[in-house]
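Going by our numbering, the final residue of the sequence shown carries number 508, and the count climbs one at a time with no gaps.
Simulated from the structure, these hints should not be mistaken for laboratory data.
All values reported here derive from a predicted model rather than from experimental measurement.
Each hint should be verified, as a subset may be incorrect.
Unchecked claim - Cross-link-like lysine-lysine pairs, in silico, DSBU-like; alpha carbons within 30 Å at most:
no.	residue 1	residue 2
1	K310	K241
2	K310	K277
3	K285	K241
4	K78	K68
5	K241	K305
6	K125	K78
7	K366	K346
8	K202	K236
9	K236	K305
10	K366	K277
11	K88	K346
What the hints assert, rightly or not - FRET-style restraints, in silico, Cβ to Cβ:
no.	residue 1	residue 2	range
12	K239	D326	58 to 64 Å
13	L212	H235	17 to 23 Å
14	L447	Y482	28 to 34 Å
15	F449	P176	53 to 59 Å
16	G91	K202	44 to 50 Å
17	S421	G282	46 to 52 Å
18	G282	F252	20 to 26 Å
19	T143	F252	42 to 48 Å
20	G91	N283	55 to 61 Å
21	F292	F351	52 to 58 Å
Note that the Cβ used here is the ideal one computed from N, Cα and C, for glycine as well.
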Amino acid sequence: MINKNLVLILFFLVCTESLFSEYPFKPVSPYPSEYKQFWFLYQSEKRLGEEEQIFRPFFSTYKETKSNYRYDTFLFPIYYSEKTDYWRVWSFLFFISGTETYHDDLGWDEDTLSPLLIWGKGETARESYFGFFPLFGRLRGKASYSELNFTLFPLYSNWKYKNYNAHGILWPLVMWGGSEVRNDLRIFPFYSHKIHKGKYERYSILWPFFQWGSINEDKREPFTYKMFWPFYLSKDSEFGNMKARAFLWFPILGSLFSYGYDKRTHEKDLNVLFFLFQYGQNDDEDYRKLIIFPFYGYYRFAYKETRFFTPFYFRLSTDSHHLKSSETYFIPFWWRTNRTYVQWGREENYYKLWPLFRWHEDREGNLTWNFLSLFPIKSELVERIWDPVWSIVEYQKLANGEKRLSFLMRLYTQRWNEEELHIHVPLLVEYSSTPEKTSYQFLYGLFGLEKTKDKTTVQIFWWIRL
43 MINKNLVLIL FFLVCTESLF SEYPFKPVSP YPSEYKQFWF LYQSEKRLGE
93 EEQIFRPFFS TYKETKSNYR YDTFLFPIYY SEKTDYWRVW SFLFFISGTE
143 TYHDDLGWDE DTLSPLLIWG KGETARESYF GFFPLFGRLR GKASYSELNF
193 TLFPLYSNWK YKNYNAHGIL WPLVMWGGSE VRNDLRIFPF YSHKIHKGKY
243 ERYSILWPFF QWGSINEDKR EPFTYKMFWP FYLSKDSEFG NMKARAFLWF
293 PILGSLFSYG YDKRTHEKDL NVLFFLFQYG QNDDEDYRKL IIFPFYGYYR
343 FAYKETRFFT PFYFRLSTDS HHLKSSETYF IPFWWRTNRT YVQWGREENY
393 YKLWPLFRWH EDREGNLTWN FLSLFPIKSE LVERIWDPVW SIVEYQKLAN
443 GEKRLSFLMR LYTQRWNEEE LHIHVPLLVE YSSTPEKTSY QFLYGLFGLE
493 KTKDKTTVQI FWWIRL
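Modelling step: build the complete structure from the supplied sequences, incorporating the hints.
This is how it looks when you write it as structure tokens:
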């Protein structure tokens with residue numbers, strides 16, 4: 043109860059992608075495509091309402107006209123941006139980022155966050171802010187506060203939320219603040235209190251060694267806690283339904299020995315030897331945990347379940363009304379994902395045997411596989427941009443009925459469906475056969491031949507047609 047499996051949570055956040063995405067970043071419609079490519083360096087595709095260009099590996103762009111959505115990358119993952127008529131998002135190395143949102147009544151507001159420079163703007167001067175960390179700055183509507191101010195941080199800082207106003211000097215050493223219902227004071231590490239009338243009272247002396255207080259005062263059964271760090275921690279409910287104890291406790295590591303129970307939720311928890319042995323269950327929340335680190339671990343909460351054998355083999359599963367998924371990872375060599383989107387009645391399957399092979403069948407019915415996929419984790423966008431640079435074989439079976447096959451970093455590519463065949467050999471040959479015509483081009487138009495039912499046309503030196 044005190045220590046959850048931090049390793050599994052971090053793994054899930056880092057190694058899995060978003061389960062739902064409102065917008066695609068590549069053509070997915072079932073309509074016929076107008077496709078062009080030059081080796082692995084350039085790729086262009088147009089379908090009804092969709093358009094994509096990739097100058098590999100430097101730049102890519104995708105546009106979807108129905109919602110006026112656009113996705114751009116530059117040497118991804120160095121830079122990406124996506125936008126519609128109502129919002130914009132961009133990121134540089136996921137380190138510097140910006141967001142813009144359109145409001146019908148106020149227009150656009152803009153926020154940019156970076157390690158040093160911070161700025162944003164709206165329709166009025168009050169909605170605008172600027173900061174250069176750590177010299178000075180003012181932020182509005184960030185980190186759950188209506189306003190954040192700092193001057194020579196951490197020398198002085200100030201933050202506000204509704205009627206609450208707080209100040210800090212040499213943060214976090216000295217801090218005071220309050221409102222009609224709150225009263226906070228901290229003189230670190232000698233004394234601190236945080237009081238919210240009717241909700242909680244927290245106190246400390248010589249933090250972190252002596253801490254005590256009460257929480258959930260506005261709930262059915264409040265709790266009191268005491269800590270003599272790191273030797274002893276206790277937590278008890280007012281009517282005795284909940285009790286927890288921990289001995290020799292450290293952050294992240296957990297406790298040498300701890301236990302707890304809650305009679306109302308039927309929860310039980312036991313930890314021994316810090317994080318090495320963990321057991322827990324809660325019938326009301328469908329919570330189960332058994333970890334014998336590093337050999338075996340099982341964690342379940344509601345409709346999500348995680349299991350591992352050694353720190354390298356993981357299995358994650360989800361069983362909800364909207365999504366049913368199963369994911370298996372043997373780090374870094376094997377990745378398998380199966381997802382069923384219940385509301386759409388569609389499936390997605392993904393397999394990667396790193397660095398040799400990748401197979402992906404998306405929920406739109408597009409199938410892609412290739413030999414040599416050097417990025418060690420699943421990322422469809424990274425793989426789409428970079429895999430053709432070093433792929434030996436690529437194959438695609440698309441939802442619009444088209445198939446594509448390439449060899450040796452696209453030194454040879456053919457595309458076909460029931461009525462058409464197109465062959466690309468960069469710099470040498472372009473062949474196209476459709477019901478309307480058959481054409482050959484050599485050296486990208488230096489010499490060409492085109493046949494239709496009515497005539498034959500010869501092309502010389504790119505612009506001469508006979």
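Problem set entry | Straight-line alpha-carbon gap K125 to K78, limit 30 Å | holds, 25 Å
For this session: Mind checking the hinted window 20 to 26 Å against the Cβ distance between G282 and F252?
Result: For G282 and F252 the Cβ distance comes to about 24 Å; the hint holds.
Problem set entry | Outcome for the supplied range 58 to 64 Å, where the beta carbon pair is K239 and D326 | violated, 29 Å
Exercise. Is the Cα-Cα distance between K241 and K305 30 Å or less?
Worked result: Holds, because 22 Å separates the two Cα atoms, which is no more than 30 Å.
Exercise. Does the hinted range 46 to 52 Å hold for S421 and G282 at CB?
Worked result: holds, 51 Å
Problem set entry | Distance restraint between K310 and K241, which requires alpha-carbon spacing of 30 Å or less | Given pair K310, K241 holds - Cα atoms ~25 Å apart, limit 30 Å.
Problem set entry | Restraint check for K366 with K277, where alpha carbons must lie at most 30 Å apart | violated, 37 Å
For this session: Just tell me: holds or violated, for the beta carbon distance of F449 and P176 against 53 to 59 Å?
Result: At 55 Å between Cβs, range holds.
Exercise. Falls inside 28 to 34 Å, the C-beta gap from L447 to Y482?
Worked result: violated, 20 Å
Exercise. Between K310 and K277, is the straight-line Cα distance small enough, at 30 Å or below?
Worked result: holds, 14 Å
Exercise. Is the hinted pair K366 and K346 satisfied, with a Cα-Cα distance of at most 30 Å?
Worked result: Satisfied, since the Cα-Cα distance of roughly 10 Å is no more than 30 Å.
Exercise. Honestly, do G91 and N283 meet the 55 to 61 Å range at C-beta?
Worked result: holds, 59 Å
Checked against the numbered hints given earlier, this structure breaks hints 10, 11, 12, 14 and 21; the rest are met.
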